[in-house]
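J.: So the chains spell out like this:
There are 2 protein chains.
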Amino acid sequence: MPNHKIAKTISCVRDFQNQNPGKSIGFVPTMGYLHEGHLSLVKRAVKENDLVIVSIFVNPKQFNQGNDFINYPRSVKTDLELLSQYPIDLVFMPENNEIYPTDFSSKVKVDKITDYLEGHFRPGHFEGVTTVLAKLFNIARPHRAYFGQKDAQQLIVIKKMVADLNFDIEIIACPTIREKNGLAMSSRNARLSANERDEAKILFQALMKGKESILKGERNSGKIEALIEKTIQESHSAEIEYVSLNDAVNLAPLTEIQGEILISLAVNFGEVRLIDNILLKT
Amino acid sequence: MPNHKIAKTISCVRDFQNQNPGKSIGFVPTMGYLHEGHLSLVKRAVKENDLVIVSIFVNPKQFNQGNDFINYPRSVKTDLELLSQYPIDLVFMPENNEIYPTDFSSKVKVDKITDYLEGHFRPGHFEGVTTVLAKLFNIARPHRAYFGQKDAQQLIVIKKMVADLNFDIEIIACPTIREKNGLAMSSRNARLSANERDEAKILFQALMKGKESILKGERNSGKIEALIEKTIQESHSAEIEYVSLNDAVNLAPLTEIQGEILISLAVNFGEVRLIDNILLKT
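In the order they appear, the protein sequences are chains A and B.
Numbering-wise, the working numbering puts 117 at position 131 of the first sequence, and it's gapless, one number per residue.
Numbering-wise, the working numbering puts -13 at position 1 of the second sequence, and it's gapless, one number per residue.
Okay, chain A solo, but in the shape it has when bound (with noise of 0.2 Å):
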C-alpha cells in the first residue's frame, strides 16, 4: 500500500513542489466520495506524469443550494483507502478557512457558455467551479488535469477558463464511467434509495434513444427531446429539470442538428439531482 503524502495547508503543497523540480505533475480534482469514475482519473494521471497530486474538497461556492452543500456526501476514510492502491504523491485535503479565509473576495467567471443547461439552473456554480479551480491550479501548478466527461458543461466551461487566463495547463477529458445497468457513476447516487437507483438507469436509455434517433435521420431537436423526455417519464419517480440539444463547442441551443452535438439532461429522483450527457457527431 503506497504511503502518500497528505498535505492540509497550501504551504505544504509547495514545499512538496519545492521539494520535486522540473517533474511534471498529474492533477484530480475531486469533491470526495470516490468513485471509479474519479478512479479512472487517477489512473490515467498515474499513467502520464511523474507525479500525482489528488485533491479532496467539497467546495462551498459551487453550491447554489445550501442544503445540497450539507447533504453532499463525503467519506475521508473510504476515499483514503481507496487512493492508498495507486502510487499518488500528494493529497491535498485543505479545511474550508484554508481556502477560504473570511476576507476572501475575488472570483473567476467564464461568461456566455455558463447562461445555458447547469449554468442556467444553477445559478452561480459555475462560478464557483472557475474560482475554486483557479485558485487550485495555483497550488497544484499542474501540467495536466483531469476531469470525467460527466460534467461536461463543466469541461467546456475549465477549457475556456485555461484557455482565456492563459494557464498553462493541459485539461484531459476521460470518458464518464457508469453502473452495469447504464447509471452515470456520481457520488451523488449514494443518496438514492435502491428504487430509485434501479429507476435512474433510464436516463442512459433515454440518451441512447436520442442517439438512435439522430442515427436515423432526425434532425429536429425539439422532436429529440420530446422523445427523450417521454422514454424518462416511464420512470415514476423522475422529475425533469430539462433535456437539451446543444452546440458541443460553444453550448448554443440547436434546433436544427448539425456539427459535434452535446444532449445533456438534468433529472431529480426525490432529493437527488442527478446529470448525465452524450457527445456526438452528425
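Among these hints, one or two may not hold up.
No copy is singled out in the list; a pair is fine if it fits within one copy or between any two copies.
Straight-line distance between alpha carbons at most 20 Å, and here's what the computed EDC-like set of lysine to aspartate or glutamate pairs gives [claimed, not checked]: (1) LYS(-6) with ASP154; (2) LYS145 with GLU84; (3) LYS145 with ASP89; (4) LYS98 with GLU113; (5) LYS166 with GLU182; (6) LYS145 with GLU242; (7) LYS9 with GLU215; (8) LYS197 with GLU113; (9) LYS197 with ASP65; (10) LYS63 with ASP101; (11) LYS209 with ASP184; (12) LYS(-9) with GLU81; (13) LYS47 with ASP89; (14) LYS187 with GLU220; (15) LYS93 with GLU242.
In short, the hints are calculated from the structure, not lab data.
Following the hints, put chain B in place on chain A, whose structure we already have.
T.: Only chain B this time, still in chain A's reference frame:
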C-alpha cells in the same frame, strides 16, 4: 546595448521559459510610454532576479472611457531604446488579439476594496486590471512582479488577487518617482500643457500639507480633506474629482484617522486625469 529578445506571442514566452528552467523571473508589466518610474521597477527587477521580463501592452479592458484608451500615449520605439539600457531578457509586446481573441469571455474580479476611490470613479477599471494581470502572470510565470506605489489602490487590489487566487508570486511595491517639482511621474503627464504641468505640482504640495496637519495632531479626516482641496484649488486649471483618506489595508473611508492610512486624490487638468497619493502611519 544589451540585445534583448522581443516576444510578440504567448508561445514565444513559453519557449523562452522552457529554455530557462529553474531560474527566478522578475516581471514588470507596463502599458508603455516608459518614464523614470517604470525604469526604477526594471532596475529593481534586474537586481533581484536571474531573468527579467517586461511587458508593454495598453490594456483596453482597464479603460472605462473609450477616449482615454485612444488618447493614451504610445511610443514603442522610444520604449525599446530606454529598455535597451538594462539587461532585460524578454520584452513581451503582444497585439490586442493575442491577449483578447474574439471569443474571449472570462474575467477576474476582486470585490469590496474595488468599490472605493478609483474603483468608484472608474467602473470596470479594476476588473480590467485584474483580468489582464491574471493572464500576464500565467504567461510570464514570474517569482516577483513589480508595481509602483503611485497606483496605490491598484497595488492593494493586485496583492489581494494574488493572495485570494494563490498565485505563487511576490508583489513588490516600489516608491513613486517624482519630477523635480514633485509631480508624480505618469505616462499621462505627456498630455499636459507646459502650464498645466507646472500647476500640477500643487497635488504633491497639497498632500504634504495634509501630512503636516496630521503630524501636528489633526485626526478629523473631513478637515484634512478640506485643507488639501483648498490648496489644490489655488491652481486655476485643477478640477478635483476626489480627495480621500482611507484605511491603507481595506480602503474603507475614514472619519477619524487611525493606524496606517492612504491619502489619495484624482484631479483633472484640462483633459488629463492625474492621480497621486501618500501613505502614512499615525
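J.: Decide, hint by hint, whether the structure agrees.
T.: Verification of the hints:
When the C-alpha separation of LYS(-6) and ASP154 is checked against a cutoff of 20 Å, the pair qualifies only between copies, where the shortest distance is 17 Å, while the shortest distance within a copy is 25 Å. Taking CA atoms no more than 20 Å apart as the test, LYS145 paired with GLU84 passes between copies only; the shortest distance there is 17 Å, against 26 Å inside one copy. In the homo-oligomer, the alpha carbons of LYS145 and ASP89 lie at most 20 Å apart only across protomers (13 Å), although the nearest pairing inside one protomer, at 28 Å, exceeds that limit. When the C-alpha separation of LYS98 and GLU113 is checked against a cutoff of 20 Å, the pair qualifies both within a copy, at 12 Å, and between copies, at 17 Å.
In this assembly of identical chains, the alpha carbons of LYS166 and GLU182 lie at most 20 Å apart only when taken from the same copy (15 Å versus 78 Å across copies). In this assembly of identical chains, the alpha carbons of LYS145 and GLU242 never lie at most 20 Å apart, being 26 Å within a copy and 48 Å across copies at closest. Taking the shortest Cα distances, LYS9 and GLU215 never come within 20 Å of each other, neither inside one copy (48 Å) nor across copies (58 Å). In this homomeric assembly, LYS197 and GLU113 never come within 20 Å of each other (Cα to Cα): the closest approach is 31 Å inside a single copy and 43 Å across copies.
In this assembly of identical chains, the alpha carbons of LYS197 and ASP65 never lie at most 20 Å apart, being 35 Å within a copy and 59 Å across copies at closest. Taking the shortest Cα distances, LYS63 and ASP101 never come within 20 Å of each other, neither inside one copy (37 Å) nor across copies (44 Å). In the homo-oligomer, the alpha carbons of LYS209 and ASP184 never lie at most 20 Å apart, since the shortest distance is 27 Å inside one protomer and 73 Å across protomers. Taking identical chains as interchangeable, the C-alpha atoms of LYS(-9) and GLU81 lie at most 20 Å apart only when both belong to the same chain, with a minimum of 16 Å there against 44 Å between chains.
In this assembly of identical chains, LYS47 and ASP89 lie within 20 Å of each other by CA distance solely inside one copy; the values are 15 Å within and 26 Å between copies. In this homomeric assembly, LYS187 and GLU220 come within 20 Å of each other (Cα to Cα) only inside a single copy, at 11 Å, whereas the closest approach across copies is 79 Å. For a Cα distance limit of 20 Å, the shortest separation of LYS93 from GLU242 qualifies neither inside one copy, at 36 Å, nor across copies, at 32 Å.
Of the numbered hints given earlier, the model fails hints 6, 7, 8, 9, 10, 11, 15; all others are met.
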